[in-house]
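Trainee: Residues per chain are reported as follows:
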Amino acid sequence: MQTERLFDRIDSIQFKGITKKYGTGFAVKDLDLEIQGGELLILIGPSGSGKTTTLRMMNRMIEQDSGSVTINGLDTREVDPVRLRRNMGYVIQNIGLFPHMTIGENIGLVPKLERWDKNRIEERVRELLNFVSLPPEMFMDRYPRQLSGGQQQRVGLARAMAMDPPLFLMDEPFGALDPILRKQLQKEFLKIKNEINRTIVFVTHDIEEALILGDRIAIMDQAKLVQVGPPEELIFNPVNELVADIVDTKRKFKHMDTLNVKDLMSPFDEKYVFDGKINSCDAVEEMTTRDIETAFVFDDDELLGQVTMMDLMKCRVKIQKLADVARPVKTFQPLDSVAFALSELKNSGEYLAIVMNSKHPIGILVSDEVLLKLI
Amino acid sequence: MLTLQVIANVWDKHLMTMRTIEHLQMFSIALLLSIIIGVTVGVFIYMRPKTANAVLNFLNIVETIPDLALIVLLLPILKLGAGPTIAACVLYSILPVARNTYTGLKGVDEQYTYVAHAIGLSPQEALFKVRIPMSLPLIAGGIRIALVFCMGVVTLGGLVAAGGLGTVLQNGIQLYEKDAILVAGLWTGLLAVFLDGFAGIVEKKLHERYGTW
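Respectively, the protein sequence lines represent chains H and B. When we follow the numbering used here, the leftmost residue of the first sequence carries the number 23, and every step to the right adds one. When we follow the numbering used here, the leftmost residue of the second sequence carries the number 43, and every step to the right adds one.
Chain H with its partners taken away, still in its complex shape:
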């Protein structure tokens, strides 16, 4: 069966008033949620909280009792489920590969059903195996049982990518792996995620995984959405005890007062230094070659402030000097406490600051990175 492509990219996915009942209990109750295009949204919560049900309603493996799921404005109920599913990559934990098919056949299954010709399928399979770091010559003709758990999981990911879908649904993909392997695959997945730049909805019960991978995290409990937001928001402003419990605010941060800025900053790099006298347009060029998004403007030894690529793109006047557009930047001393620094950053709405040792920059403090190091 051949199917058409439904969308090239995801702009937004909307859950509106979704309810799903099982018998007398609710699996999901009155769920409203928006998933933005290009983000990785984590669904997390205790078992029975409705996170998996929510994921499965997106590809209609489970049908809601009321409410609607729309993708780019298109109601999923108006699309043939087979067609809908072929426009999404699906990854499930451990058992996902078909034992009677080789790795190549597993990955090429849907392309084959879509009547791709043999060469095109083989080419695609090779490309994908390379992408997940499994040499095709070695793995294409093996059977899943001849692979380790981690290798199988990579094949599962490659299979999900076969049709190059704009949306991935991941159902505890690393749940069955041992902790060390899981960490390693998470790291690789993060790299892949940045490369493919797709919208991903990811179910997990592992909060560390959620904090590492998620752009935003949706916490569910007893069929309801409790809170949704970026990791630092959940950590700093949990709406209730449960959220605080899940992100384990107390335990993870009890050492924060004893830690200093210098413990958690990233070392300063000369590439961030820009002279205040160069003009904005040249600065854009230079930032592009240095591959940075933010620069710090100095006049000789004096720190004038920061500029971001976004700021500079907006102002088009050639004569404008960096010194004129630089915005103030927070500075901290190496021995300032992390708790103090983070709350300062939060209050000023900034996410990074520069660490100065008297007059010399020695480090950069990025709030997200600090959080990651703390957990």
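None of these hints come from the bench; they were simulated from the model. Possibly wrong hints are sitting among the right ones.
Here are the simulated DSSO-like pairs of lysine-lysine, each with C-alpha atoms no more than 27 Å apart in a straight line [said to hold, decoys possible]:
1) K284(H) - K381(H)
2) K247(B) - K134(H)
3) K171(B) - K134(H)
Here are the simulated distance ranges between beta carbons [claimed, not checked]:
4) E136(H) - L122(B): 51 to 61 Å
5) E136(H) - G227(B): 54 to 64 Å
6) Y156(B) - N301(H): 53 to 63 Å
7) I215(B) - K134(H): 50 to 60 Å
Note that CB positions come from ideal geometry on N, CA and C, so glycine has one too.
Starting from the known structure of chain H, fit chain B onto it as the hints suggest.
Mentor: For chain B alone, kept in the frame of chain H given last:
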């Protein structure tokens, strides 16, 4: 004594080369039909689970009719010759093939069907690409039972002028030729053992290729 000379004499006198060919012909046609009908019935009752009990019970009842009686019952409908024998074979063999197909399809881990659907296989595609291939070892087991049934029933066909090695046995009994009975009996048995062994090898290969349990 069963010397080579005796065997050669019996073989010539009773046209056993021709009888063996007839025998295997009836057997092959019967087995082929059993597989086609049995697998179809198995898939059908799997897709309509409500009918499964009724169909399997009916086939069980057919199974309890003595084979000789079944052949005789079929005589008025299908006349003398190979017809009633082949029909009886098929009627007997549908049950093991259909039952194993049904059990095999049901036995495939739900997870695989789930994944098949979730990655975008239609119900038919999931059946033909995942469930049936994964049930092949069990289906082959059913076919192997059917094969043994068929060998037995085809031999009985000698009683109703179906030809085959049963005819040689029948003649041996009528004419009281012990050697003919012995040679034909041993030869039939040998054929059955050989075919069963072959089926066993195929079954094992399928297990290695498709079996997961």
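Trainee: Confirm or reject each hint.
Mentor: Hint-by-hint comparison with the structure:
1. K284(H) - K381(H): holds, 16 Å
2. K247(B) - K134(H): Distance of about 26 Å is within 27 Å: holds.
3. K171(B) - K134(H): It holds: about 11 Å lies between the C-alpha atoms, which stays within 27 Å.
4. E136(H) - L122(B): 51 to 61 Å: At roughly 55 Å between Cβ atoms, L122(B) and E136(H) fall inside 51 to 61 Å, so the hint holds.
5. E136(H) - G227(B): 54 to 64 Å: About 58 Å separates the Cβ atoms of E136(H) and G227(B), which means 54 to 64 Å holds.
6. Y156(B) - N301(H): 53 to 63 Å: holds, 60 Å
7. I215(B) - K134(H): 50 to 60 Å: For I215(B) and K134(H) the Cβ distance comes to about 58 Å; the hint holds.
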